[in-house]
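Those protein sequences? They're chains Z and Y, same order as listed. Sequential numbering from 2 applies to the first sequence in the numbering used here. Sequential numbering from 6 applies to the second sequence in the numbering used here.
These aren't lab readings, by the way, just hints derived from the structure by calculation. Keep in mind the model is a prediction, meaning the values are calculated, not measured. Wrong hints could be hidden among the right ones.
Said to hold, decoys possible - Derived coverage of chain Y by chain Z (criterion: at least 3 residues anywhere in the stretch with Cβ under 8 angstroms from a Cβ of chain Z; other residues may be distant):
1. 8–14
2. 39–51
3. 106–120
4. 189–201
5. 209–219
Unchecked claim - Derived BS3-like pairs: lysine-lysine, alpha-carbon spacing no greater than 25 angstroms straight-line:
6. Y/Lys-153 to Y/Lys-96
7. Y/Lys-94 to Z/Lys-245
8. Y/Lys-231 to Z/Lys-229
9. Y/Lys-75 to Z/Lys-224
10. Z/Lys-38 to Y/Lys-94
11. Y/Lys-94 to Z/Lys-39
12. Y/Lys-153 to Z/Lys-245
13. Z/Lys-229 to Y/Lys-75
14. Y/Lys-88 to Y/Lys-70
Glycine included, every Cβ here is placed at the ideal spot set by N, Cα and C.
The chain contents come next:
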Amino acid sequence: MARPLWRGSLSFGLVNVPVALLPATKDLDVHFHQLSKKTNARLEIRRICTKENTEVDYDELGHGYETDGGKQVVLTDEELDAVAPDKTRTIDIEQFVDVCDIDPVFFDSSYFLVPDEQGEGPTRAYHLLVEAMRDQRRAAIGRFVLRTKEHLAAIRVRDDLLMVTTMRFADEVRDPKDLPLPDGRKHKPSDDEIDNAVALLEELSGGFDPKHLTDRHRDRLLKIIKRKQEGETIKAPAAPETPKAVPNLLEALERSLQDVRGREKAGSRG
Amino acid sequence: MPARSIWNGAIALGAVTVPIKVFGATEDQQIRFREVHLPDGAPVAHVLVDPTKDDAEVDRDDVVKGYEVKEGEWVELTDDEVKAADQPKRKAIELEEFVPRADIDPVYYDKPYNLAPQAGAEDGYALLAEAMDRTERVGIGRVVLRTKEQLVALRVTDGLIRMHTLHARDEVVAGKDLKVPRPKKKPARREIDMAGALVEQLSGDFQPGRYKDTYRDRVMKLVDAKAKGKEPKLARPKEPEATDDLLAALEASVKAGKK
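Please construct the entire structure, taking both the sequences and the accompanying hints into account.
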């Protein structure tokens, strides 16, 4: 098993299941490193104490907070852990909700929760939870402290395992009231416009297929790197233009519909 | 303070183009600490050093971005050269298809942004929002933000269109690749029923406002106490014990919930 990011207990009523947290996503971006122009060496970042000018060991790192009075208070990892000790070790299921009711704006990162003990009891308890939640297509809401932050979390079944997605708290989601959103009375679409827009959406609709979620940037960037390596000069592209608002929505919708339906007839869709 | 947009462009759906601005949708409320060196309380600086020059600090002007093509061999790349990778025809979120809202597993969602229409594009924005709302569908498309093409989903909530960047399919870990122990005996029908009853008991509507981050307040209390010179007591977590008798624990939980 890869090194878990967290280990603790999932608590469901009076049932406790030892679990470990593993990442459910991986970063496959093409990453660059910082290099020295002079020596061509790969540079490294060091944590340096500004007073002693020496490198700081990881276990000598503290968390400094400046109070309104300008005084610095220093907290240690142990002190931060002790703030909510049980939450650093337990995800307590508080409620079950319909996963479709959660606006994705709340979702942050996803992890697999896997059984952390090999014994028959804990593994059975784990798989029982999987069974109970699979039946009902529900997400369990709980919370836990991961590194020095409390997370709200939604737990559900994916790939026959429990997956936890950390969520933002309500006050971490921006209220859109300051945005210049259209006034519903002044910008009410006509029935014709709605009918055509809905028809266009239906024409372009299908089931969600993750196969379409390909990262094209990765391959393209690797090609650029190859060309550069072979000595080619890579020119910056011209800045793309922002399309203007269409003058006549209905006309543009009708044109789009004709186009999509035409493509379908020609059998070239997809 | 009015929010500042981080990108300007358009939503493009067939021949329909709706100029929009992109805003951040979230704000981190985490208490901000700075790293300090515990023995002397001095701030810790992150310094870029050259390990081949006895860890000498490197001037920012002497730094280039590079990709290691093979060990010890680098290709330097500027932002402009990175931009040459995608070369979009126009500055637009190009919508490609629409899928039922509930179909996208939460694991695919990455970062959310709020979209607002540019002046003059309100009608198109309102229409697109209305159509997505009526069909309960989410638009999937691509857009080049800064230097990288992103997969995005457009989704409407109360007339607001949000853009979510999505993880590519190969960035999502498959459960079958994790070696997870299986029980020898499958859960018994009675255990599943009892667990189901407990799930039922705890079911309700999701109300985000119900959950408050109490940890933040506690950390601030700790900061205040320490500022006054009090030494905090270090409470230790209770070690949760793995459940032995599954059925008994479930029955007791259901019973406790009924009271």
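Under a C-beta cut-off of less than 8 angstroms, do 3 or more residues of the region 39–51 of chain Y approach chain Z closely enough to confirm the stated coverage? holds (count 13)
Taking a Cβ-Cβ distance under 8 angstroms as contact, does the region 8–14 of chain Y have three or more residues in contact with chain Z? holds (count 3)
Are the Cα atoms of Y/Lys-88 and Y/Lys-70 separated by 25 angstroms or less? holds (14 angstroms)
Y/Lys-153 and Z/Lys-245: Cα distance at most 25 angstroms? Within the cut-off at roughly 23 angstroms; holds.
Hinted pair, alpha-carbon criterion (25 angstroms max): Z/Lys-229, Y/Lys-75. Please report holds or violated. The hint holds at about 14 angstroms.
Count the residues of the region 189–201 of chain Y with a beta-carbon closer than 8 angstroms to any beta-carbon of chain Z: does the count reach three? holds (count 8)
8 angstroms C-beta criterion, at least three residues: is the region 106–120 of chain Y covered by chain Z: Check passed, 11 qualifying residues.
Chain Z over the region 209–219 of chain Y, status - at least 3 residues with CB closer than 8 angstroms: That given contact holds, which follows from 9 residues of the region 209–219 of chain Y lying within Cβ reach (below 8 angstroms) of chain Z.
Holds or violated: Y/Lys-231 with Z/Lys-229, Cα cutoff 25 angstroms? violated (56 angstroms)
Keeping to a limit of 25 angstroms between CA atoms, is the pair of Y/Lys-153 and Y/Lys-96 held or broken? Holds - the C-alpha atoms of Y/Lys-96 and Y/Lys-153 are around 12 angstroms apart, at most 25 angstroms.
Taking only the CA atoms, is the gap from Y/Lys-94 to Z/Lys-245 under or equal to 25 angstroms? holds (14 angstroms)
Going straight from one Cα to the other, do Y/Lys-94 and Z/Lys-39 come out at no more than 25 angstroms? violated (38 angstroms)
Checked against the numbered hints listed earlier, the structure breaks hints 8, 10 and 11; every other hint is satisfied.
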